[in-house]
Amino acid sequence: MAQKFVVANINHCARSQDLLHQSLAQWSIQICVVSEPYHIPERENWAGDKDGTVAIVTNTSANSPPFKNVRKGHGCVATRIGDIEVIGVYFSPNRPFAEFEIYMAQLGVFLSGCERRDNVIVTGDLNAKSVAWGSPATDVQGELVEDWLVANGLVIINRGTVHTCVRRRGGSITPRRGRPGPGR
Numbered sequence: 001m002a003q004k005f006v007v008a009n010i011n012h013c014a015r016s017q018d019l020l021h022q023s024l025a026q027w028s029i030q031i032c033v034v035s036e037p038y039h040i041p042e043r044e045n046w047a048g049d050k051d052g053t054v055a056i057v058t059n060t061s062a063n064s065p066p067f068k069n070v071r072k073g074h075g076c077v078a079t080r081i082g083d084i085e086v087i088g089v090y091f092s093p094n095r096p097f098a099e100f101e102i103y104m105a106q107l108g109v110f111l112s113g114c115e116r117r118d119n120v121i122v123t124g125d126l127n128a129k130s131v132a133w134g135s136p137a138t139d140v141q142g143e144l145v146e147d148w149l150v151a152n153g154l155v156i157i158n159r160g161t162v163h164t165c166v167r168r169r170g171g172s173i174t175p176r177r178g179r180p181g182p183g184r
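Read in the UniProt record's numbering, the sequence shown has 139 at position 139, and its numbers run on one by one without any break.
Among the clues, some could well be false.
The list that follows gives simulated cross-link-like pairs (lysine-lysine, DSS-like), each with its CA atoms no further than 30 Å apart [stated by the list, open to error]:
| id | residue 1 | residue 2 |
| --- | --- | --- |
| 1 | Lys-4 | Lys-68 |
| 2 | Lys-50 | Lys-4 |
| 3 | Lys-4 | Lys-72 |
| 4 | Lys-72 | Lys-50 |
| 5 | Lys-50 | Lys-68 |
Restraint ranges, calculated between C-beta atoms of paired labels, are given here [said to hold, decoys possible]:
| id | residue 1 | residue 2 | range |
| --- | --- | --- | --- |
| 6 | Val-109 | Phe-5 | 21 to 31 Å |
| 7 | Ala-25 | Gly-108 | 28 to 38 Å |
| 8 | Ala-98 | Ser-23 | 28 to 38 Å |
| 9 | Gln-22 | Gly-82 | 16 to 26 Å |
| 10 | Glu-44 | Arg-116 | 35 to 45 Å |
If you're looking for bench data, these hints aren't it; they were derived computationally from the structure. None of these values were measured; they are calculated from a predicted model. Glycine included, each C-beta is placed from N, C-alpha and C at the ideal position.
Whenever a hint applies, use it, and build me the whole structure from the sequences.
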């Protein structure tokens with residue numbers, strides 16, 4: 001069954017998190033990955049990482065399947081929702097590239113722990129840019145993410161030049177990564 005899926009960075013803002021809840025209900029979105037949440041509530045439909053920087057949320061009113069096998073890392077959280085393994089990720093743009101390299105290596109180990117590796121979505125905010133996912137230029141983080149995707153057998157599932165992140169002073173395009181199922 002197809003799932004409605006959204007990704008949001010709410011920049012630790014309480015009002016943005018309230019609006020997110022309203023939007024999930026209004027648009028019947030089943031799954032959301034939230035970067036920089038204001039708060040990660042102790043609820044059965046919220047799963048956050050160890051640092052409180054990223055969470056996966058399901059919409060109980062939209063008949064979302066329950067979480068199975070929640071795993072928490074630093075800057076990443078994974079769970080099985082129905083037949084999809086979802087990994088939410090976040091890496092701050094204020095941290096040095098050397099830490100980003102370590103983070104991506106650890107994310108590869110985290111990915112290897114997935115129950116089913118044929119139907120995985122890795123998404124969130126890595127603050128990396130690449131023309132491969134529609135950014136106007138590629139930065140060093142984007143190059144590393146591209147290499148990581150290839151090494152882990154993942155493909156980019158968003159295409160085009162429509163901003164996936166919109167701010168007052170402009171926007172950016174962040175990659176949505178997934179593993180194709182058998183025969184795709």
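Taking the hints in turn, this is what the structure says about them:
1. Lys-4 with Lys-68: Judged against 30 Å, a Cα distance of about 18 Å means the pair holds.
2. Lys-50 with Lys-4: Holds. Lys-50 to Lys-4 sits at ~26 Å (cutoff 30 Å).
3. Lys-4 with Lys-72: Roughly 23 Å separates the two Cα atoms, so the pair holds.
4. Lys-72 with Lys-50: Judged against 30 Å, a Cα distance of about 6 Å means the pair holds.
5. Lys-50 with Lys-68: Satisfied, since the Cα-Cα distance of roughly 17 Å is no more than 30 Å.
6. Val-109 with Phe-5: 21 to 31 Å: At roughly 25 Å between Cβ atoms, Phe-5 and Val-109 fall inside 21 to 31 Å, so the hint holds.
7. Ala-25 with Gly-108: 28 to 38 Å: Taking Cβ atoms as reference, Ala-25 and Gly-108 lie about 35 Å apart, which means the hint holds.
8. Ala-98 with Ser-23: 28 to 38 Å: About 37 Å separates the Cβ atoms of Ala-98 and Ser-23, which means 28 to 38 Å holds.
9. Gln-22 with Gly-82: 16 to 26 Å: For Gln-22 and Gly-82 the Cβ distance comes to about 24 Å; the hint holds.
10. Glu-44 with Arg-116: 35 to 45 Å: Once the Cβ atoms are compared, 22 Å apart, the range 35 to 45 Å for Arg-116 and Glu-44 is violated.
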